[in-house]
Amino acid sequence: MLTKIKDRIAAHGFYDFQISRVTKKEHQLYLIRNGVESEREVDSHYYEVTVYLDQKAEAGVFRGAYTFFIKPGEDIDRYLTDARVGAALVKNRPYGLTGPKPFPAVEMLDPRLRSAHDQAGALADMIMSHATADRVYLSSAEIYLSSAEIELSTSTGIAARKEKGRIEVDMTLLSRSGKEDAEMHFNLERRNFDHLRLIENIERHQDYARDMLTVKIPRNHQATVVFGSDMIYNLFFPIIFHGSARIKDQGISKFEIGAPIISGPPQGDVFTVLSSGVIPYGLRSDNFDEEGLPGQEHTVIENGIFRKYMASKQYADYLGLEPTGTFKNMIVKPVGTLRPNAEIDDYYEIVKFSELFPDPITGDFVSEIRFGYHHQGGVKTPVKGGSVSGNIFQSLSDMAFSRTEVFTGDYIGPENVLIRNLSVAGG
Amino acid sequence: MDKNLVGRIRELTAEAERKVPYASATYFTGGGMEIRVDRKDEKIAALKANRGLVLTVFNGEYFQEFATDDDDPDRMTRFFRAATDSVLRRPPKYEIPVGVAQEKVYQTEEQICPEAMNATEKLDLMRGRRDRILRADQVVNAMAMYAERRENKIFINRVRVVEEQVRRVTHFLIAYVTDGKTMKSNFLIAGGTGGLERIEVRDDQIDNMIETARKLLRAERITPGFYDIVAAPPVTGLIAHEAFGHGVEIDMYLKDRARSRDFLGSQIAAPIVNIVDDPTVPEAYGSYFIDDEGEPARPTYIIKDGRYIQGLSDLYSSVVMGLPKTANGRRESYERKIYSRMSNTFIQPRDLQPSAIIAAVENGVYLEQGLSGMEDPKGWGIQIIVHYGREIRNGKLTDRIFSPLGVTGYVPELLQNISMIGNDFELDGGTCGKGYKENVPVSSGGPHIRTRVRLG
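The listed protein sequences correspond, in order, to chains Z and C.
Heads up: the first sequence at position 283 corresponds to 283 in this note's numbering, and the numbers run straight through without jumps.
Heads up: the second sequence at position 410 corresponds to 410 in this note's numbering, and the numbers run straight through without jumps.
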């Protein structure tokens, strides 16, 4: 099929192409209490094809592209006819495709995913045998185990193959005491079973679920807030956004190479941010990406100074930059000095927001506290409700990071980040 | 749909039922295209179709599903048989209703068929709207996006062969503005089920969107606290959908994850409040003719005169809970499971002019444009993120604008506090997740309402 697709692309007169052959298998297991709610097997097999057409016009040379999806055995010519029309209409500045390069060996598939059905059963047994504890029991769990094989072939000579896996456990614990009940939901996504640390996570969330029974609403005030490691990628997303070459090309980025990303002298910890596509079993790791760029690691922010735009091949060509690929896993370092209990007497520790998506352009954020603790005078009070709001860019100059380093699938760095003077809306 | 293929699937479903108590098959096909233009780049691409077959088998205790995107008839036959053979029949715990016998094909009505305009014309339309935004003062970038989807689905069980052909179109405009120090954005969304008539946008709507983006450059953060608010229809919709709708999806009852279960039949909202989920609203983005379990679409009154009447169900939840099956069993694609999901969810309008509602508020905030929300059915808490709101003083809107705003609170309290409901009505389309995944097309809305919430 691949040879046929290439032959027909040439026959239709396209200049360049990228073809990804994708084969995916997924096993899904759904639990309610101590029983199975549903079980699913999913198989997919398709080609994703992008074709390129260059056109000369009075204003210069333009490059058009068109992407489509085709299944084995389908009539490719019908798709290519549409592609020819679509690509001829698009008038983008010219750019090249990635050429062949050596790819790093990055582990992305836990071999145990090849027996996904058995592994799902083992995870289900583990969940059901550990979920029940003092005043806590299992509401439901969803287990998704998938593996994919991707072959990339391009007109520039790339012919590469990779395998990726994904393990996802989505789980809800219920707690009850007398007439009071509450829930604690959590989600784990990893590429290696050993990185799930499922029992440890269940036990931690059992504690949270029990504490949910005695939550209070926070009060209105300006407060110090400690964010957990699984929130840091989202919290820092505006940094990824403004550090993107595409956003720079669009005239939207506020970052300049060599300039500080904070305004004024730093009051807190200075930090470094890296994009890494080569962390073993990182959720965003890739030995090559969809353009055929090899997995790489780059320093984006160095001690508070912006160093490098993350650029796909297209935007690297437009801006004359090194093609780094888009931002992958986040590494934050150096690990700071924060020890909240020892150094701050009054702060909120957020365990879970309802959702945290800062505005990528402005950095503004506001989110409901789904669960957390108010620490004051050595007393720890569970809290729920109300919201935390602020602006990530305004906060960059006064952040502090914890000493402990963690890996959460797509993030390696401090376990907590502390931000002072955020607005807490409560009772 | 290919009649031979349908016949083959029907035979295979019948064959499966010789081994298990119930089997059905759902076959999804379709396609579509998208156009996106901004200041620098253009893109035209085919959309990845939700194209695949799901064999659903009840083994006596729970549903097992086998899904593939391979629709070659011979390979599909082998797939069906291997899947059925792998099922271990269990002593039946529940009886699965097969529904009313029906063979029917439903199709979205289009006033202006998307094919009436070729790709060049659609691209030029997007370029024109982008350029109108780019010509405005203080605009640094603009984006115009158009997408059209054909979503075909056929559901087959022993008594039903029902097919729907739904067409959805989406149009999105964004303006990025700056005063040299700050950058803000604002957006305009159009779309629905139907044809190109659903993406008609007037120039004055685009100009208003840009003007509001400029006003956002001087937006303030609100002082946290409780406020009287007037919600415009997009925010009313988020209240109906996020604050309440998710809490009455009864698959959450099975998991003991929804507080509303304890309130079935109870007065939980002000008596003036009616909340409806209705997949049959003409042209609405979340509309369909059959749900993904072959159930014919029909409205469900969730709250009637402030009383919680009925939740939204999928087949398995309704059977296990002994509650009525509503037309709300939906899946993101053939790759995903069915859950209880909303369609078009809204508060019904009453008789007040929106201007009269604003005039009745002494000090408060007019919440004009929603952004997103997240459900909390067990805690019955609310999180809604509002793009911007305007100050109300002595019954009039002032020049003060707040952005962004977080609405939080306790759902029954918010619903009990609804004191005024307008006579206007709008639905906003978008996608909705179950938690952070399982996205399906929905809409939400209603009239202007007045209530009291915590803002931050």
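Hint data in this document are derived by calculation from the structure and do not stem from the laboratory.
Any given hint might turn out to be false.
As the list claims (entries may be wrong) - Lysine to any residue pairs mimicking SDA-like chemistry, simulated, CA-CA at most 25 angstroms apart: (1) C:122 <-> Z:58; (2) Z:313 <-> C:355; (3) Z:254 <-> C:181; (4) Z:164 <-> Z:120; (5) C:43 <-> Z:62.
Claimed, not checked - Residues from chain C that keep clear of chain Z, each with C-beta distances beyond 12 angstroms, as calculated: (6) 40; (7) 65; (8) 89; (9) 257; (10) 336; (11) 406; (12) 437.
Said to hold, decoys possible - Simulated restraints, written as ranges between beta carbons of each label pair: (13) Z:194 <-> C:95: 20 to 28 angstroms; (14) C:182 <-> Z:345: 32 to 40 angstroms; (15) Z:104 <-> C:104: 37 to 45 angstroms; (16) Z:333 <-> C:181: 25 to 33 angstroms.
C-beta: ideal position from N, C-alpha, C; glycine also.
Violations among the numbered hints, reported as their numbers in ascending order: 2, 6, 7, 9, 10, 11, 12, 13, 15
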